[in-house]
Structure formats: C-alpha cells, structure tokens
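Trainee: Residue numbers (the working numbering), protein chains in the order written: chain A, 1 to 397; chain B, 398 to 794; chain C, 795 to 1191; chain D, 1192 to 1588.
In case anyone wonders, no lab produced these hints; they're calculated from the structure.
Possibly wrong hints are sitting among the right ones.
[Stated by the list, open to error] Okay, derived cross-link-like pairs now, DSS-like style, lysine-lysine, Cα gap no bigger than 27 Å in a straight line: (1) A:K336 x A:K323; (2) A:K382 x D:K1334; (3) A:K173 x A:K94; (4) C:K995 x C:K1084; (5) D:K1279 x B:K485; (6) A:K143 x A:K94; (7) C:K995 x C:K888; (8) C:K1117 x C:K967; (9) A:K290 x B:K570; (10) D:K1481 x D:K1285; (11) D:K1514 x D:K1527; (12) D:K1481 x A:K382; (13) C:K1084 x D:K1285; (14) D:K1279 x C:K1084; (15) A:K94 x B:K687; (16) C:K1117 x B:K779; (17) D:K1514 x C:K1117; (18) A:K143 x A:K336; (19) B:K598 x B:K491; (20) D:K1279 x C:K888; (21) C:K1130 x B:K687; (22) D:K1364 x C:K1084; (23) A:K143 x D:K1334; (24) C:K888 x C:K1130; (25) C:K882 x A:K88; (26) D:K1481 x C:K1130; (27) B:K779 x C:K888; (28) C:K1084 x B:K779; (29) C:K1117 x C:K995; (30) D:K1527 x A:K382; (31) D:K1481 x D:K1392; (32) A:K290 x B:K779; (33) A:K94 x A:K336; (34) A:K290 x B:K733; (35) C:K1176 x B:K540; (36) A:K323 x B:K687; (37) A:K290 x D:K1279; (38) A:K94 x A:K382; (39) B:K687 x A:K336.
Protein chains: 4
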Amino acid sequence: MNGNRFGRLFQVTTYGESHGEAMGVTISGCPAGLELTEDDVQRDLDRRKPGQSMITTSRGEPDEVTINSGVQDGYTTGTPIGMVIQNKDARSGKYEPFITAPRPSHGDFTYSAKFGTRNWGGGGRSSARETVNWVAGGAIAKKILAEHGVELKAHVNQIGDVQADDVTFEDIKEHSEENEVRCADPEVAEEMLELIDEYQKEGDSIGGSIYFEARGVPRGLGAPRFDSVEARLGQAMMAVPASTAFEFGLGREAREWAGHDRNDEWEFASESPRDSDASGKDGEPRQVPKPSSNRHGGLQGGITTGEPIYGEVTLHAPTSIPKTQTTVDWETGEEKEVQVVGRHDPVLPPRGVPVVEAMLALTLVDFMLLGGRINPDRMDDKLGEYDTDYHPTRPET
Amino acid sequence: MNGNRFGRLFQVTTYGESHGEAMGVTISGCPAGLELTEDDVQRDLDRRKPGQSMITTSRGEPDEVTINSGVQDGYTTGTPIGMVIQNKDARSGKYEPFITAPRPSHGDFTYSAKFGTRNWGGGGRSSARETVNWVAGGAIAKKILAEHGVELKAHVNQIGDVQADDVTFEDIKEHSEENEVRCADPEVAEEMLELIDEYQKEGDSIGGSIYFEARGVPRGLGAPRFDSVEARLGQAMMAVPASTAFEFGLGREAREWAGHDRNDEWEFASESPRDSDASGKDGEPRQVPKPSSNRHGGLQGGITTGEPIYGEVTLHAPTSIPKTQTTVDWETGEEKEVQVVGRHDPVLPPRGVPVVEAMLALTLVDFMLLGGRINPDRMDDKLGEYDTDYHPTRPET
Amino acid sequence: MNGNRFGRLFQVTTYGESHGEAMGVTISGCPAGLELTEDDVQRDLDRRKPGQSMITTSRGEPDEVTINSGVQDGYTTGTPIGMVIQNKDARSGKYEPFITAPRPSHGDFTYSAKFGTRNWGGGGRSSARETVNWVAGGAIAKKILAEHGVELKAHVNQIGDVQADDVTFEDIKEHSEENEVRCADPEVAEEMLELIDEYQKEGDSIGGSIYFEARGVPRGLGAPRFDSVEARLGQAMMAVPASTAFEFGLGREAREWAGHDRNDEWEFASESPRDSDASGKDGEPRQVPKPSSNRHGGLQGGITTGEPIYGEVTLHAPTSIPKTQTTVDWETGEEKEVQVVGRHDPVLPPRGVPVVEAMLALTLVDFMLLGGRINPDRMDDKLGEYDTDYHPTRPET
Amino acid sequence: MNGNRFGRLFQVTTYGESHGEAMGVTISGCPAGLELTEDDVQRDLDRRKPGQSMITTSRGEPDEVTINSGVQDGYTTGTPIGMVIQNKDARSGKYEPFITAPRPSHGDFTYSAKFGTRNWGGGGRSSARETVNWVAGGAIAKKILAEHGVELKAHVNQIGDVQADDVTFEDIKEHSEENEVRCADPEVAEEMLELIDEYQKEGDSIGGSIYFEARGVPRGLGAPRFDSVEARLGQAMMAVPASTAFEFGLGREAREWAGHDRNDEWEFASESPRDSDASGKDGEPRQVPKPSSNRHGGLQGGITTGEPIYGEVTLHAPTSIPKTQTTVDWETGEEKEVQVVGRHDPVLPPRGVPVVEAMLALTLVDFMLLGGRINPDRMDDKLGEYDTDYHPTRPET
C-alpha cells in the first residue's frame, strides 16, 4: 500500500498504526543549517496529543519524539531527518468485538476488504494517530518558513452550527490557543464547549471546521493546473482524517457570487525591494500592482498573488461513539449492536488545528523549494561554498 | 514550470496555451487492446468545445483531435498515446491592452510575476483551454472504466442561487445533456438559463457548481492518507480552472451533523462473486456487509466501500466580463478602466461538466490500476502471453 | 537533500549517518499476508554486518533490526513497514583530523561543499553504513519474489586481477557463502584472500566486482526506454557505494562482438501454462519461442524474455587507507599528510554481495508489481475479499 | 505502459513508434526567457537523423521539428514546450514476415509477450527512432547549461576492437564532427570506417562505444545514494537503445586498481568567487581544495567535485542484419530462416553520439535545477519580479 509519502522536494514519508510499536516519519529535503532540537518538534506534538482536556481522548500518550538522524550539534545537516514516536498506551483488547464486525463509518471494513486483514487495534493505519507524524514534519516546515518570512495559523471556526467567522489573523495568532476548543473568539469558544458537552453527554459526537491562513508567501509561487497551489492544498487537506470539504477564498459560497462582485480590482502599492528578490536595486520603494481586496484567497491561475492564502477544512463528527449502533459480523453472519466505548474525542477540530497547520506548512515549504525561494542545500544561501568556521563545530575541549 | 502531469500509473502530460499553435496530451499507461478511435475522443471534446450555445463562448474552435501514436488498427498497443488539437481561432490582438495591465482576478499578474513574461494571448497557459487536453485523456479513461464496470457522470446542480439537488443518478445520465446548461432537472435548467441571461445582459457573470457521481467502483480501492481517494480527488478537482471548493459525501454540511446521524450502519446484502474477484467459488451468492445508507460518499478510511462516490465542485464566476473594472498598468504607472469584451462564457459549469467527468475518470482509472483491478499490460487479462490470433492484424490482402 | 527514496510501487525510504543515533528504513507497498519476522531481515543483515572476518572492518555493530509497524501476528498487514537499526559503536573522535581536511576520494569535500557542513563522524550520510537499510528492505523483497518463483544470488567474481568467471548459478547458490570473500569458486577465493592480504599488509586496499543473476523472472516484464529493466538496474547498481561500472549480458565486451555472433536465435520450447498466466487453458504444454542462447542477459527492448537476468557491478578500492596521503586543510590553509587508520575494509565486494542482491531484489519486485504479477494488496491474490478465517488472528484465550 | 518520462524538475515525456504518425516530446520545467527557435533543436536532430552517410540507414526522414507551445517571440515562456516530429517514410510492409516470427535479439517477442500485440512496423516503440525525442529535449537542456557555464560533448571511442582513447576534450569538441564515424581522432576514424565496411559487406554489424564528458559543472551538485549523479546517469545511459554497459571515471577497470593509486589527493587552487555563489565578497581569489587528479570522474559520494564528469557507454551491434538467422513463427509453429534486409545502420555509436549527449544534458540540467543553480522560473534570475520592458514584446506596429 502506497500513499505514505507527501511532498515533491520537501518529502515526508510515514509509518505506524494506532496500536503498533511506534510511529515514524522521515523528512528528506530539509536544507542544512536550520537550528533544530527535539523541543521544536515537541511543542507542536503537545498541541496535538491526547489528554489535553475534557474534550480530547484520555489515552495516555506522552508522544515524545526522538530524532534519529539529520541533526548535529543543534543544526540540520541536509541529510534526511528520521523521527520516531513510541506508542505507549496501546491497549487493544477492547477492539476485539470489532475484528469481524465493522464499526459504522470507520475504516474497519474497507481495510479488511482491501488487505484481507488489518491491524484491528484502534484504527490501525487509518487512525488519526498517524497525524502525529505529520505534525512532527510540519513543525520543521514551519521553522523553515518562519525564517523566510512566512507565517501561518489555524483555528476552529465552527462546531455544529456555532460559528466564529468574525476574527482577524491577529486574533487567531493571539487567542486561538487560549481555550480548549482552539477558537480565536473566546465567547464563541464557550458556546462551542457547551455544544460539545451536550453531544458528549448523549454518547454522541459532532462535526466542525478549521479555518487556516498563511501570510508572507511571496507572489509568483506555484504552477498552473495539476500542481496549482490550490490543487496541492486540496490533496493535503482532504488527506486529513475525517475531512469532507476543502475550500479556499470564497469557497463554496463563490457559486452564488457575480463576477463583478467577486473580482478583485488592481491598485498600486509601495513596495521595498525584498532581499530575496536579489534585485540589486537599493532601497527606494516602487509602485507595484496589488489587489485592492482578497476574495481570491491569495491565488490566481494557481499561482500566489502575495496576498494571504486562506481557506477552510470541514471535519465530520468522530465515528467512534458510545451510542448504540447496528452492524454485522461477517464471521458469525449475524447482525449485532455495538457501542464504541472508551477514550474517544467527541469532536475533531480542536486537535485538528495543528494537523491542518502542518499540512499547510508542508505544502507551502514544498512550493517555496520548487519556486527557488529556499536554497535546497542550506539555509544561509551560499551554494557550493564549503565553510570553515561554521558547522560542524569541533567537539569542545 | 512543472505541474503538467497527472496520475501515477495512468499518466497524463499536457502542453499548450490558449492562443498558441496547438494543445497536446500524452497518455502513458493505457493497456493494450482497448478499442479506440479518434471519434471516441471527439465525442467528449464536442461536449466541451466553444460555440455550443448562447451561454458558451463563440470562439470558433472545431477542436479536432489527431492521434499520433499508441493506436494500431483501431486498438491501443500499450505504448503512449500522443494526441494533438490545433488552435484554429487564435486571434490575440484584443488582449494587447492587458499585456502590462492585469485583468482583475485573472492569472495575468501572477504569471508575469512568476516568469517575467507570459503568453498574453487569452489566458495563456492559465486558460481553461488547457482542459481540452484533460477531456481527451479522460475520454480514454472512461472507456477503460466502462469495460471494468465503472460508470460516472456529472451535471450542473447550481447556478447562482438556483439549485437542483433532487435528482437521481439515472436522471443525470438521461437528462443532463438535454439542455444547454447541463442540469438534469429540466425545470431548474430553465431557471438557470434565465438567471444566466440576466447576468449576461448586465455584462456580468455568475458562479455555479457541478455534482459528480461514480458507480461500480469496487470496494477495497484506495490507500490511506496522503493518497486516499478523497485526497487525490481533491487535487484533481481543485485543479479545475475556477474551482474554489471540493466536497464529497455530505461535504461542507458535515460540520453540522452529529456522529450518530451521519454514521452509516452495516447490514448484510447478497452478492454474487464477481469474475474479477478470481474467487474460484462458483455461483452461489453470499452475504456481505453493506452500508445501509451512503452519507459517507463511498469512502471510509480513504478506501472505497463499493457504494457510489459522489461530491461537488464549486466554480467561481468567470473573471472575464464586459462590465467596467479598474486595474493598473505597470508600464505606465497609471490606473485604468478595462472591459474584457469578446467571446467569454458567462458561467462555467455547463462546459465544466465534461472536465469534471474527465478528472474523475482519470483519478479512478489510476486507482484501478494501482489496486490491481486493471491489467496494466492489456485489456484481456492475459499476462505474458504473446498472442497469435489477436492484434496486430495482418494487413488485408 | 532528496535521493533517499527508491522504487515506484515498492517504495523504500531511508535515513541515517554512519555515526548518528540510528539507521531507519520505511517500506511502503509490501502486500498484506507475507509471513515476516525480524529474523527474516536479520539473516541478510548478518551477511552485511561488520566484524565477520579479517577482511571486514572490526567495528562492533550487532546491527539488530526492530520492526516498528506493518506486521501483526507474524504477517504483514499491507501498511508501511518501519524498521530501525541502532548505531551502537559510533566512536567518532578519530575523525576529527578530517573535519576541515578532506580524505582523498572520500565524500568529505563534496558534502561540505554542498551543505556548508556535514556529519563528520565516519562517512556521515555518504557512508556505506546506509546500505544496512537497503539490505533490510531487500530481505523483504526477496521473500515476496521467492513466493512468486523468482530467485536471485550474487557472488564476488573478481578482486584485483584475480577472476572467477567459470561458475554456474548452482555454484553461486551453493558455494558463495562458504568463504570469507564470497566467491563461488573456492580455489579462486583462496587466491583472492591472498591478494587482499598483500594489500592490507601494505596499508592499501584493492577493487573488485560482483556478479549477479536472477532466475524465474516472467517474460513480458518491464517497459521501454527510460524505465527499461536495464535502466532501473543501472540506477540501482550505480547507487551502490563505490560503484563505477554497471554491465548486463555481455556488458562492456559487447562492443567487440559482431551482430551475428551476439544475436540469440529463436527456437521452440515446451511450456506448461503457469497459474499466474490465468490462461484458463488446462494442462497441456504448448510450444513457445525461446532464445537458444542468452547473450542478451534476459532483456530485449527493455523487457524480460524469461531468460536469466545477469550482470556485473564494479566496486573501486576502499578510499580509507592507512597508507600516507596528501590533503589540504581549508581552515589552516595548509597541506598535510593523513593516514586513515582504524576499522576499514580492505576490499568492498565481500560485504557488497548482500547489498547488490538487495538492489536487484528491490528493482525486480517493483517491476513485478508494476507488471501486475504481484497483487499489490495481498499475497493470496484475492482482491476485495475481506476474509473471515484469516488474519488478523484473534488473541488466543 | 509507463517508462515514457525522464527527469524530476526538467521533465521530458515522449511518445511515438518508428512507423506511426509522429514522434512527440513535451518538456515541462524549462525556465522562461531562454532564447529558443526550432533551428536550435533542428541542429541536433540533423546530427542524429538517418541518411547522413554510407554507415547510417538511408531511411528518408527529414526529422523536421515543430514547436507547438511554450515559446513566444523567440523566447520560452516557462510553460511546457510541446514538440512534434512527423514520421514521413513509414513503409512498414517489409516487416510483415516478422509479425509472428520474432527477429533475433530484437524487441519483437518481448513486446508481444507483454502486450499481446505490438506495432510491428520497424521496431515500434522499442525502435531507436524514439531517441529523436530525446535529442530534441536535449538540445534545449544544452542551451540552458551553456548559459550556466556547463559544456559537454561525446565522441565514438571504440568500434569493434579499434580504440581511440588518446584524445582530449578539446579534440573531441573540434574534431569529432569532422568524420562520419564521429571519432575525435581522424586516423582512428579511418580504421573504424574500414572495419565497419568489412562487417557491412558481410551483411553483419558490429558494436562500439561512446565516450562522454561534461565540464563546468559546479561542485556540490547531486545527492547521496539512490539519486546520486552516477545513479541517475546510469539510468539515463542504460536507457539508450542497445546499451549494455555504463562506466564513469575508471569504470570497469577500477576493479584492478589499488586504493592508493586510485585515490585523488587534494591540493589548493586559486579561485575567483563566482557570481552564482552570491558570496558577496568581491574580487580576490581564494585558495580552495581541488583534486590533483581526476580518476574519480568528477563525482565523490554521489556529488560533484567540480572536476570534469566523464564516462563511457557500450552499444552492442545492431540486431537487424541481412545475414541469415533462424527464428520461429508462433502462428505456424515452424522454424524459419530470416534476413532483415533494408535500411539499417551497421553500427550504432556514430548516430548515438547526439543521443548520449542529450541524456547527459537532460540529467545535468535536472541536477542544476534540483541544486538551486538554475532559477526554475526564469533565466534572468529575478524571482517574483514581473517585468515591464522585457518579454512579452508588444506586437510591432
């Protein structure tokens, strides 16, 4: 089974099942000279890990990452970065009832139909546990992007019918991590928590969505058609477990907009030549075309305009619920009632925020490399210049 | 610039600009022994071509395809199929005003920002004209799928705020090609046409959406995660020009559904072993698990359940409109008013229907090959058996 | 830095430096239902590991593999197989003199020139230690191939000017593992050992070569041109550290052969229809064309004829030698004499044999999958048939 | 059938059979702003085309290229370049005897075994005619490389047992195109022609080899292991029709060299900082490590040292010979004698020279792009700077 790789120049390869030995991710294509420690990765893993609050599964996973290669004396060396996260709390006994009786809308049946077998502990390979690998890889991508002027952030903008659409990028950056539901509007967050609580009490779950935004992405990045930025983002976001919709810019709503209303007119804006332009012309700002609005979501013709890239991902309600459901057992040939008890999230977006950020970061860093905006060999932009007073450091004496 | 390839085993590679010499597409990975003529491809090209009605551009393109390789005596040979479609009506003069003054929300600026140049006739490479290549490739994919029991169809389910959601797959197959707007509900189609007419009269355009469905896709197809069926469909559909949203199953709406309501319970259904299962067991139907409903859209854990795969693609309003808009000229440094007069569609979904079908077919045939459901070498399922009484036919004497 | 992936459907991704924490390899694309334990992999790792004899480095590496995912109850599950091999004996102190003074013909300079840094312990990422990952992946490929009737083996056919060209495939299978140099001719092996001993005593090293052969590869496998079997083998074998030549069939010698002498004429041979042909015709042998000789090395037009595939790989002498050599220090700006003392192989082919076998196996299993000869989902050939009495086994009670 | 793509960022996709309608090649990934006309491509096509002399087939193919896209006003636009070369002289009648009776050592049998059919005119897809596509793509790669300081050239260094190893790169550039056999040593060329004439008179053919060399490739280019420069060159050169051996540096001979003799020691050399280093330090030459010899062939650890990259490709004798040979007819079940009369080259290397150069250029331009040495968007190194007085040129008035 393929499908375990993402990225063209910034390549992520993953393995692991929810109740196997360990999860693992290999990053190939990270430039040398990036300052990187396990802590940098751990920070994002901690945002995704279980047991953070009442609305996340209580599975006891510390999710501690080990970096096996690609880093020396605190800096990346340009060689692949191998990371491993052990699965500590892999009690799979309670999944026995489902070995031959698939849970409704879970991957149990499809995996068995494909492979004639499956790792039946938890969700196996189809488990959202896999996203621990993505978050680990995304943490590195974010660091590189930050050093190239790109920042990105996501937050939960809807749970059930409770929406929070009136927030700014600054709000998201400042407030989304302040509450358990990861919504940038604290009052709406309260409402969301109440709603979740209701569903949880009924042994049920509820859907929701995540809004994401990236700023500082240089104009002229991307490619037409099959590999347009939106096409690659579409793949990235639809890969997120439980994702049923991807939108950017006006998204689904665009179907009801007239062209004249949706089109973003052009005006001039002052711009200082950026270092990265290597333009050679010093200092003086020049007048450059800039859209006077951003209904296009930062992308035109599959290529970036330099405006913020934003969109939404819808995650359906978790399928593992305590409420009674009907299924069939293909071994006994009988119908049966099942309850998926235990440690399951009643809603996915709160823990999905770092996952969506990771996929956004992995997609963008790949485009930055493909567009020549990041030196593929090293962070300091000197190609083919072996260095005398840089890394590797001699051992201290 | 990459981004001109699609597919992993059924590989499509394209070239061409809207006002260049010709469009071209190469298909690599089509099995030998498929009956194929230029007419098979032409049929779908004719559904996409300009000038079909009042609501499509009147650009005079016959869009006649020439097959340059890969077919002999009416059958594919297993070697790559090269196809060319000449651009006949490439009058680019009227685009001169936009060379240095980008049309609002068009790809003019982003292409120039990326390349320092662009083919300024029409939309250049960012033009929807490129989709002629996709439709040509998709026509071949559809033929292969049809011989393996998969059928698929799309129709226009919304223009502006006029919706047609109450149609069956049979309706779509039978009625969607009966009206200019390609909507399977004839009454709604009338309303849509009226709405389009209104916008067109104002020199404006309007958005809309396309519903797609595929039936007969075998269960157990796909892969987890990065290459899940929905992830690849997401890429495919977001690659469609003007696409701003991709949804499957309940789509965006899933955010408001409770788990218990959305989950599809399992029941037993009778199934005759299919030939393609190579199960060896003759005849007798057996009881197999089957979802009692299909809110999951045919996909669980990234893998097919065997239920219909369905979803929607939103296309924003065409950006080329006669109505006056403001832009800037980066050569003169001045603001200016522009009107994009000429031959432009006032709405995209009607001609987008064959395009969405093509991308759906290309995605599914690739998964069929990856899942071992189609012999990669030849349609007749005999591996490594040179053949004595089959193709190539001797020349008639 | 990319370059850490191999294979199109049987995908190998690796990481690790000679003196880092651990080596790691992820296999994506192994079908479910293959019996597999760590012992299966360990057997080949033991053939590659250091410290086997006087002519291999004495570095103390047990090279014990851990399988982190993809296997359950002794069978593969179809999901990616993550394996880790810890680096135990990573004493890097003795490499300090070379941090800024590159060893002659080593990767020290090129790595530093590319990345501005490098993992300077041992060979870093350029070390042949990386091949531990290949051998681990190759062990799995070999098991799959063996279950599909393909067997393969390599041996050392030349060290310096001592050759062993007069051996059969049976000799190679039976005798090549009986001596330290892994040459199938025991007398020649003696001569080789004496020659190696001479060079070793002088603080020098010597080159050599490996002959490989695969039998049972079905006819009709491969593809024309860029991905012909020989092209992919060429990439695979030139990736082997220290490889400077790849040949198949008559190899380099073919340049001196006339067409009439080299061409292999066709004759008829009896053949029983193979199960895998799915020909449906029972039993009776038929007459099929077969080359009367095999100077073509099993490949014509890039595609297999069904005859044995054979060839040779040349490995240059190890560059790490105790004998004094001149280099320069880019920090001090001075010339200096260096001696690379310590634990280095005086000759590479003996430990290279399992590496060449691994690359051969990885290449062939990939072609078997691409050619539809191996079910990509499961070893038992039932597509889309979830199974009731198969894996996963219920836990014993 | 896949196998029709080459390159990771500079992507070549081809189609065509020897006796089909046309050959076609699509280049994706060529930067904008490269001056390019059909003449630039034609020059190399003319070096490869049939009918140049007595020792090449007299098939009447003008091999005229048409560029269908990607070029405007004489400059590339960054979009894919589609090229078509019509097959004019496709008389296939004389191949009828071989439809079911495979020519010895030709691809007839393997193609039929794979596909159950084949384009039986000439060599079909396995024909060396395919290389017309490679040469067309290579011509563009060479132009880009030349603008980045890389030059490359090949010549015929052996036919049968007649060798020409004592020539310099200057000789090759100046003299290899002066004689029909494309050997840089005019006296050896004479001997080669005599030898070829002998074989031709006997209705036989003979093998030979091509030496290639590239200069000016910057140091620090490449990647370890699976995608090392030598691994990718190995694939590229083994893809050349009739290729049976690939060597670089000392090649096969390296097996007989001691480490101390083969290793290249380091010395200092003066170097002016190159513009492309973007080092910022002006003017003053500095002392950099440089190998004092080049037995390593320009590559260490899979990465370039900056020294010339050189190697050899062996091409076996053409398999199509007038001399009588035995084959079998799988339709009649009978043995038969065949003579492959008509227009066939008696030796391949002379027309193979532009083919080997093309594959070398395609491989190197890809590494230059991957290593960040070529701006992927445009030749003039300005990223994200739309341009006011550059292309596209306004139409002249």
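Trainee: Looking back at the numbered hints, which does the structure fail to meet, lowest number first?
Mentor: 3, 4, 6, 8, 9, 10, 14, 16, 17, 18, 20, 21, 22, 23, 27, 30, 31, 32, 37 and 38
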